[in-house]
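J.: Now for the letters of each chain:
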Amino acid sequence: MEYGRSRAVVVLEDGAIFEGWTFAGDGEVAGEVVFTTSMVGYQETITDPSYRGQIVLFTYPLIGNYGVIPGDDESHKVQAAAVLVREYTPHHSNWASERSLAALLSESGVMGVEGLDTRALTRHLRDKGAMRGIISTVERDPQTLREKANAHPSMLGLDLASTSANITEPTLMTAIGEECCRVAALDYGVKGSIYKELRNRGATVLALPGSTSTDEILDSEPDGIFLSNGPGDPAALEDAVDILRPLLGEVPVFGICLGHQLLGLALGCETYKMPFGHHGANHPVRNLRTGRIEITSQNHGFSVREGTMPDDVELTHRNLYDGTVEGLWSPERRAWSVQYHPESSPGPRDSGYLFDEFVGTISEKVAT
Amino acid sequence: MPRRDDISSILIIGSGPIVIGQAAEFDYSGTQACHALRDEGYRVILVNSNPATIMTDPEVADATYIEPLTVETVAEVIRRERPDALLPTLGGQTALNLAIELHEGGFLDEFGVELLGASVESIHMAEDRQLFHDAMDRIGLRVPESRTVQDLAAAEELADRIGFPLIIRPSFTLGGKGGSVARDHTELRRAVTDGLDASPVGSVLVERSVAGWKEFELEVMRDLADNVVVVCSIENVDPMGVHTGDSITVAPAQTLSDRQYQTLRSASLRIIREIGVSTGGSNIQFAVDPESDDFYVIEMNPRVSRSSALASKATGFPIAKIAAKLAAGYTLDEIPNDITRATPASFEPALDYVVTKIPRFAFEKFPAAASRLTTRMHSVGEVMAIGRTFTESLLKAMASLEVDAGDVIPNLDEASAYRIFAVFDALRAGMDIPEIFERTKIDPFFIASIARIVASEGSLSSGEWSREALLEAKRIGLPDETLAAATGSSTEVVRGVRRALGVNPTYKSVDTCAGEFPAQTPYYYSTYETEDEVARGDNPSVVVLGSGPNRIGQGVEFDYACVHASYALKDAGYDAVMVNSNPETVSTDYDTSTRLYFEPLSAEHALEVIRREKPDGVILQFGGQSPLKLARELEKSGAKVLGTSPDAIDLAEDRSRFGRLLSDLGIPHPRFGTAFTADEARPVAREIGYPVVVRPSYVLGGRRMEIVYNDEDLDLYLNASTGTSPEHPTLIDKFMEDYVEVDVDAVCDGEDVYVGGIMEHVEEAGVHSGDSSCVTPPITIHRALLERVEEYTKRLALAVGVVGLMNVQFVVRGDDVMVIECNPRASRTVPFISKATGVPLAKVATRVLLGEKLRDMRLWASTNGHFSVKAPVFPFDRFADVDPLLGPEMRSTGEAMGIDRSFGGAFAKALIAAGQTLPVSGRVYISVANREKRSVVLIARAFADLGFELAASEGTAEVLKNNGLPVSVVPKIGELGDDVLGLIEEGGVDLIVNTPWGRGARTDGYLIRRKALTHGVPCITTLAAAAAAVQGVESAIRGGTRRVNPLQKLLGVRT
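These protein sequence lines map, in sequence, to chains E and S. All residue numbers for the first sequence refer to the working numbering, where the first residue is 1 and numbers rise by one. All residue numbers for the second sequence refer to the working numbering, where the first residue is 1 and numbers rise by one.
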């Protein structure tokens, strides 16, 4: 595929302007601009449903180096609204790659823009907070573009999860190897590797749309319930929280990312929008029970507010960068969750023990 | 876990003199460790024999022992200081090996010294191939099939089983010494034999070769609480088969997907845990199949390494400093990240730029050696560059190399020095990427990136430049020089156009976190973007231009001087601004200067920094030739060069101007002349009178300097070199045979001159001053002559117009004192003299540059009644077939210092520290040239009196017998009976005195010297050094080498 090059301009809601050239797609697209500091894993990132609708800015300047590798997608399509990089690598090189990133983006109708001062843009977002932006190859006028960026819905209060599930019907995925337990997984925009982690440990996963009713969930007689990651503001998902609340205490529950935030809300905590969130693969998180530090994969713009945690909810993990809540545990309800991504993809695999614990706990229940 | 309070004093072992495979990076790491531990309130005791280091400055440790790194000496230091703990992981392989030997000798247990960082078991497990392989088996990781063998038969058996190619590595050596690839049985025999010789424990590892696979390195840190972080991933551009020290490397890894990278990362965590490195950094190397997800673990260094230094500079994560704090009991999360100050060190740096390292080679110094790269390291230094893209960082690194592409004859098909130039050439000639990959196994990602550069070179050659086209070229990283060449203009014009179009570099920070947090540390690199991040403030600044890559002739001594300049600038209230491209150094540490610009030392990059900084001045005189050669261009562009003016530099360096000056001043000098054409050379040489010293003008380190004795030799020299021309004339000097050479380092403020020290060379004139041992204060020169040396130095300094440092070289014989050279800049001996006398010359010079007067400084040099000897270290053992003879071309890589109250003791210590063993008993073999037969008698007698048995070649033996000495005759090489080579081989010789005669390769003398080298028998090649060795041996017998004293006491420094 010929990778074309047309001028693209990025305008943020505060009027800041950055210029580049397209390496895939063209036209105009708006979304919240977020930066990720992970140096590898662009393919996993752009196919991660948690990034749905966001314009993803890679701080690592060379993107596309190893092309696109079959099996490394986190969902069935490119989820990001657009991709911003310093330099796109047209000549990808890796034995496993099948095609170029530009080809994948073009085919998905997603714009890729290179050549802009991504570090300046990152620093801008860091100082001013995540904000909406618009990329255009058709409109030149900054004022018009700024107005359009401001007209785009704000992430605060935005329900994206309800429409992000990968499935519309319950879908059964059997355990790899001998089955040790059954997990009902509520899909708010789940990353594929989470299911791989569960199934590799012997769990059969029944994937359910996030809107599945409490009764339906319990009717599937799961040994444990998993709450997936997903995009958007958790506080906008009142229905989902209502579904969860009665589940707590019935069977063990484990949540990741948005699932963690929803668990927090169901347990009575509040969530808030962070200035520019956590997106990367290098954040240190302390497991407060063991004292050990994990280097974690992060991707979230909202967080559970520590001061609102009820007394019977224990803080299990804390981010060592900014002290934010990274893990919860409600002993009475046998429910726990982490804000970060133990399935990594992309990122370090320091936290796989969380899947061991979840599968182990619910398997023991089966055994007894 | 907080700081350990159960220990209060810590011993740190440095890495000794600079050798190939162990260079300035350990000054950087040791200095960081000393600072870190002292900041924590520990008493730090340091042992290191290398004076040219910041770490051995008396302010850096509480007690600094500039003593040989031997078990005996360090045990003596332990006995005297009684440290609670020993930290052996920051002084390279030398420190690690010493720690093991101290443990095995029972010294650590005897004095209750705890080993920090890595246990003896861990060190063994990481270093012993078999134990390491077993460990990898236990954690399910693969290493290439292999076996440790003690003899050739076992190696051949393995070869029959797993086939070729095989790789052969000797156990327990550094820098891959002795490692090589065997493609057939013949090569295997040679490789195993050499390897067994090189290994101190007489074993080698024979393993499956994964040559051609991709090579990756991960820098890993672990704390006592078992937290592990990967600081940096490094991808080697040159595939497996080339030592990583000789490879172009890039950080972070470029061609691995997340899944592939995380597999290596997870493996690294398992490895550091299994090996059991309890605290600190380790370097783990992997070979990755370019065709599948297969990979092998290659090796692990359980210590701070050259790669850790690179990783520290590449990421801003100070591995050595953190390693020291971890050893003191802290955990990663308890240590703040210096750069953000708001976040802890328990994280993995995120880069938003690309780092490229290119090694610097010195094959031109060893013409007999093949420049093919192997698993044995040959490079003498390296450059690092930072850019926002790979192309930009690669081109900046190439600009930093200071290697002229025209001087390099690279070969695409062979992993040779600077093969990257051949990749450029092949692409320019139209070769396609798959073919280049096929021939080099360099990943197509890198080749394609270079193809982009080559394409952009082509697109610029025609038409007028738009701002956009120019910006695009600069963003790819093309230097002004390339743009000028492509368009037939000059760099001035290109710079002018850039300025007019507003195409100027911006400076970005290295911040460890890709912009996620504000950076507090001013560590910058240039790139062409929209936003500039330099926090300049209003304080006046002074720019110090560093010395670039270490090379023979321009080593860590110059970095030492630059660092001192920076310290002095800060003391004087200026913002000290460092520009340098060498990742191995203290000068490129982010907290050495007020601001650090990691940039090539090219005129373009220096001028851009000056443009950005608007400094009060620029200091060029500390960094050696690299900054000095920019003097004219910087001055022309309006930069204010502090100190000695470029014109004064020219006055001292231009042979004819300098000659006239000496004559005017009435200072004697040897006859000299300049030949601008080859035809002029003969008459000039004849008029001066043979023998003469010939060399190109403006060189450092005696590059292509030779002594010629007649017309034929002169023609040979001129034919072998690129010739002589009006731009590059050949200098011809009378060679002052049998003179003693004397070096002086001095500082001049334009009114007064401070003579920092006078050094007497041990070897007679003719040996390059950098390769000669020297002693201060002088031991055989009359006071009146020394006064004349001082007086000439002062007269010269004022007449040349020196402001700052200068080095003058004299030759002395009888009552004659002549000047042979004057260099108005920092010399190689500045750190040595500073340590010998306690006066930090570079700091003094910096204050002078800022306008202070010497008379106000009250400088007081004191040698306190001791002698200091500097002894050079040579890399001959790395270069097969090279004659280890001393001559006018410098070939040493570093130096060691010995201090004692007697000359003999100091000389012996310096020799031992420089890696020579000095026997106290046994047999001396003597074989000298006819002209020296007379003088050798007394030396031989002295050895006999010290209890040595004498053996000699036939001619020499006859002379000794005539003089009543008992001596056995050793047959000539090739004659019947056990000749000298056989004798050396079977360990029948403990010391060799062999002075050269005759020209050409493969003389008997050459064979003896090579044999001595491979068998580690000390071989002395000048009579002067032999006479000094006698004193050294005598002192060693009397225990003089066991006397140890801290520098602070010797200099009367209070700490």
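Think of the hints as simulated: they come from the structure by calculation, not from any bench. Any given hint could be a false lead.
As the list claims (entries may be wrong) - Cβ-Cβ distance ranges computed for the label pairs, FRET-style:
id : chain 1 : residue 1 : chain 2 : residue 2 : range
1  : S       : 429       : E       : 156       : 51 to 61 angstroms
2  : E       : 90        : S       : 71        : 12 to 22 angstroms
3  : S       : 429       : E       : 274       : 14 to 24 angstroms
4  : E       : 139       : S       : 414       : 34 to 44 angstroms
5  : E       : 274       : S       : 200       : 51 to 61 angstroms
6  : S       : 2         : E       : 331       : 25 to 35 angstroms
7  : S       : 438       : E       : 360       : 14 to 24 angstroms
8  : E       : 90        : S       : 712       : 30 to 40 angstroms
9  : E       : 360       : S       : 414       : 54 to 64 angstroms
No residue lacks a Cβ here, since even glycine has one placed at the ideal position from N, Cα and C.
J.: Next step is simple, just say for each hint if it's right about the structure.
T.: Structure-based check of all given hints:
no.: 1; hint: S:429 x E:156: 51 to 61 angstroms; in the structure: holds, 59 angstroms
no.: 2; hint: E:90 x S:71: 12 to 22 angstroms; in the structure: violated, 58 angstroms
no.: 3; hint: S:429 x E:274: 14 to 24 angstroms; in the structure: violated, 54 angstroms
no.: 4; hint: E:139 x S:414: 34 to 44 angstroms; in the structure: violated, 55 angstroms
no.: 5; hint: E:274 x S:200: 51 to 61 angstroms; in the structure: holds, 57 angstroms
no.: 6; hint: S:2 x E:331: 25 to 35 angstroms; in the structure: holds, 31 angstroms
no.: 7; hint: S:438 x E:360: 14 to 24 angstroms; in the structure: violated, 50 angstroms
no.: 8; hint: E:90 x S:712: 30 to 40 angstroms; in the structure: violated, 59 angstroms
no.: 9; hint: E:360 x S:414: 54 to 64 angstroms; in the structure: holds, 56 angstroms
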